[in-house]
Amino acid sequence: GENVEQHPSTLSVQEGDSAVIKCTYSDSASNYFPWYKQELGKRPQLIIDIRSNVGEKKDQRIAVTLNKTAKHFSLHITETQPEDSAVYFCAATPQGGRDDKIIFGKGTRLHILP
Amino acid sequence: DTEVTQTPKHLVMGMTNKKSLKCEQHMGHRAMYWYKQKAKKPPELMFVYSYEKLSINESVPSRFSPECPNSSLLNLHLHALQPEDSALYLCASSQTLRQGSYNEQFFGPGTRLTVL
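Protein sequences appear in the order of chains A and B. Using my numbering, you'd call the opening residue of the first sequence number 1 and step up by one each time. Using my numbering, you'd call the opening residue of the second sequence number 115 and step up by one each time.
No lab work stands behind these hints, which were simulated from the structure alone. A virtual CB, placed ideally from N, CA and C, is assigned to each residue, including glycine. Incorrect hints may appear among the rest.
[As the list claims (entries may be wrong)] Using C-beta positions, here's what the derived DEER-type ranges look like:
(1) E56(A) <-> S186(B): 43 to 53 Å
(2) A153(B) <-> P82(A): 18 to 28 Å
(3) E198(B) <-> K106(A): 44 to 54 Å
(4) Q81(A) <-> N131(B): 36 to 46 Å
(5) H72(A) <-> K152(B): 40 to 50 Å
(6) T78(A) <-> H140(B): 30 to 40 Å
(7) L230(B) <-> R51(A): 12 to 22 Å
(8) E166(B) <-> S12(A): 39 to 49 Å
(9) D17(A) <-> A153(B): 20 to 30 Å
(10) N171(B) <-> S18(A): 37 to 47 Å
(11) A194(B) <-> E15(A): 25 to 35 Å
For reference, chain B alone in the conformation it holds in the complex (with noise of 0.2 Å):
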């Protein structure tokens, strides 16, 4: 399995709920990634877990909170959104530095993300 799943596809919220976006990898890659994307922008990382640890948070409000129950799974939960944080929302996966010299990342499909 060479593929980065990701669910919902698609999501509608308001500003006062509670949601989560999950993502899901069997490649037995160690590091996972969950990147922030707008219109015509590169993707925006967010959030880098290594060994199911969060080793990099690139300043993200903690209305955004991240969770790695195991080494297959990536969670990131949604609490009081604003509408400027309708995006993409990229997951992606990698072998880490320490598993390899290299670490191409493959990118799931993402979820398009609408606050209203």
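The following block holds chain A by itself, in its conformation from the complex (with noise of 0.2 Å):
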């Protein structure tokens, strides 16, 4: 089945600079890679995403890249401000399969140093 590894679990960045989390992905067929913003006490939101057939995508301080040959993807934060600190998760969806779910990384616990 799907494995997703996600790194680091903790990263510090002192505000305005660029924070990258990594993630990487076992299964071939998987065809979608969501990102998920959780502050603390709250939902998990989806902040952005990419399907299989992009290489990279952008919505305004956030970027998404994927490289399907080495099965990993990355979220970019760019000018981080303290509204970032989080925890950020990755995750994959199976493609083929009958099961209607997602894989989670593990997480990443952001924060942003004033």
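Join these two chains into a complex; the hints should help.
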């Protein structure tokens, strides 16, 4: 089955600098890769996603890249702000299976330092 | 309506109590999920309902009993829980793979459960 590895587990970044979180997946048939942000005590919220037919997607300060050959995808946050402090989860959805489920990485706790 | 709602927000129960968690969505999604989330961990899948039928049970103990009365509602019935079951219980919904190719999941705010 699909396995998603996420690194680093914790990341501290100076406000204004960029943050990068990396994930790898094992199932080459996976075709959808969402990223969720979860603030303390709140629900996970989708912040960006990428589909297997696209290599890069950008939304304001957030971008995601996908390398299907290497089976890894990354989240890039530029010009970080205090409100970016949260836990970020990457995920992958295996295609072809009968299951309607996504596989989460273990999460990255991002701290934005003033 | 693009929200998933959950009630109650908080629940404290004893090990002999019976309680239920409720989840509702009106986005026409036909897949609904229950997750358990412990502090500093990712959501852990418990159950998936697809077209109101249980399609995935991730070996969850029988003290958790899911129910999907209709396409908009999902319940989780709790009985004889243990203190280690204390966690945030999240509901989510998505289109099914049959409805579309990508199942973006929308999460509810969760129920914070404490078992004494």
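Taking each numbered hint in turn, which are not upheld by the structure, reported in ascending numerical order? Hints 1, 3, 5, 7, 11 are the ones this structure does not satisfy, whereas the remaining hints hold.
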